[in-house]
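Peer 1: What follows is the residue order along each chain.
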Amino acid sequence: MNRYNRHTILPEIGQEGQDKLSKAKVLVIGAGGLGCPILQYLAAAGVGTIGIIDFDKVELSNLQRQVLFGTSSLGKNKAIAAKNRLEDLNSDIEIKVYPEALTYQNALELFSQYDIIVDGSDNFETRYLVNDACVITNKPLVFGAIYKFEGQVSVFNYKNGPSYRCLFPHPPKKDAIPNCSEIGVLGVLPGIIGSMQANEILKIILGIGTTLSGKLLCYNALTSQTSIINVKKNEAIFKSILKNKEGFHKTKVDFHCEVEVTMASFEDLLSNNNIQFIDIREADEQPKIEGLEVTRIPLSQLENRINEIDAIKKKAIFCQSGIRSKHAVKILQEQKIKNCFSIIEGALEIKNYLKEQY
Amino acid sequence: MHITVKYFGQIVEVTNTQEETIEVVGSHISDLVGVLNSKYDQLEKKDFQIAQNQELVSLETELIGLEIALLPPFAGG
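These protein sequence lines are chains A and B, in that order. At position 220 of the first sequence the residue is numbered 220 (the UniProt record's numbering), and the sequence of numbers has no breaks. At position 52 of the second sequence the residue is numbered 52 (the UniProt record's numbering), and the sequence of numbers has no breaks.
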């Protein structure tokens with residue numbers, strides 16, 4: 001029995017359609033909550049060349065929704081771990097991995113090698129980078145994004161349709177919207193939205209049905225309601241993206257996700273004697289850290305108390321769990337303050353470590 | 001004019017409801033947004049696009065009613 005029999009017996013697909021799938025080249029940005037189901041269905045469907053780009057590593061808290069990974073994948077690069085699983089699923093296809101961040105420097109060259117680009121990223125900077133690079137390289141973009149219990153799906157830059165910027169012209173105000181590493185998300189939601197993206201990809205490759213080009217599909221997992229909003233192409237926006245074509249690769253990277261924040265363990269930082277420890281928790285948060293000289297500046301006041309940050313010393317920032325400290329590092333980096341580190345551990349772990357040492 | 005307004009994503013955290021009926025005096029989308037901003041003081045901090053009867057509109061668009069949706073962008077993946 002042929003692997004693709006259930007495809008080829010469909011008159012809408014047939015062997016001809018299956019051949020189209022095997023010739024298709026699809027690049028998936030991010031092997032996370034959305035990327036996992038997308039990749040799984042593309043590989044199973046026999047999409048001939050699949051590219052996966054992701055710089056991140058598999059963490060235990062990913063396994064609640066990132067279904068390509070198991071406990072044996074922990075600590076491994078996501079693109080590589082996904083490839084390992086997908087090769088077992090389908091060894092007839094080619095899987096190319098890029099265990100690195102997508103940047104303005106590598107995007108155009110990378111996109112030009114594929115037919116369809118799929119956005120499964122988790123931050124606005126990457127989403128706008130992906131959109132603009134798709135416009136410049138003239139590649140269709142299959143878009144998906146999630147928030148808690150809701151998802152958005154669309155197809156952009158396809159057959160003279162609109163781009164993501166025609167819907168949302170500019171990235172939102174900095175850090176106005178948290179991403180999934182900081183807020184909760186219903187585990188099955190990226191499975192639903194990612195599967196919808198996979199469906200759009202297969203329709204584009206096969207040339208069947210109608211795609212979500214020109215439409216934004218909004219799905220609510222709590223109510224099972226779906227709304228569709230029409231999006232029109234804005235020629236002026238396309239022109240302004242294309243105008244930046246030559247300078248695109250020079251665009252400065254300004255990711256405020258995890259990309260640029262340098263993290264370090266408390267133990268490593270403690271061995272450094274020219275260091276300022278900064279506790280950015282609010283005043284009432286427990287436990288208090290004793291036995292260590294700590295500057296206390298709540299995150300909410302950080303921008304107004306920059307003058308308390310040591311100009312020369314290394315800055316080691318911590319909070320309750322290691323999430324807000326990353327935000328703090330971003331804020332300091334925006335203020336052009338160098339040598340800032342986010343401590344991986346939270347306050348309780350730091351307190352316990354100090355207790356053991358002294 | 002009675003307008004049905006639907007909220008999505010982060011906007012629901014400001015309004016605490018996914019849908020409600022709003023009474024608006026005025027003829028443009030901006031008049032509705034004015035009413036919403038005075039009802040929800042956190043709304044101005046949020047980024048969103050507005051759709052009227054499933055079509056994206058601007059603040060200057062004429063308010064013709066039926067259904068308005070406030071759509072924020074989502075980053076998560």
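None of these hints come from the bench; they were simulated from the model. Since this is a predicted model, take the numbers as computed values, not measurements. Every residue gets a Cβ at the ideal spot worked out from N, C-alpha and C, and that includes glycine. Hints are supplied without guarantee of correctness; some may be wrong.
[Claimed, not checked] Not the full set, but computed from the structure, chain B residues with beta-carbon under 8 Å of chain A: (1) 9; (2) 34; (3) 49; (4) 54; (5) 56; (6) 60.
[Unchecked claim] Straight-line distance between alpha carbons at most 30 Å, and here's what the computed DSSO-like set of lysine-lysine pairs gives: (7) 45(B) / 57(A); (8) 243(A) / 233(A); (9) 173(A) / 203(A); (10) 233(A) / 45(B); (11) 336(A) / 45(B); (12) 46(B) / 336(A).
[To be verified] Selected chain A positions facing chain B (Cβ under 7 Å, derived; list incomplete): (13) 30; (14) 33; (15) 63; (16) 121; (17) 122; (18) 124; (19) 145; (20) 149; (21) 150; (22) 168; (23) 217; (24) 219; (25) 224; (26) 226; (27) 337.
Peer 1: Could you work out which earlier hints the structure fails to respect and list their numbers in ascending sequence?
Peer 2: 2, 6, 7, 9, 15, 20, 23, 24, 25, 26 and 27
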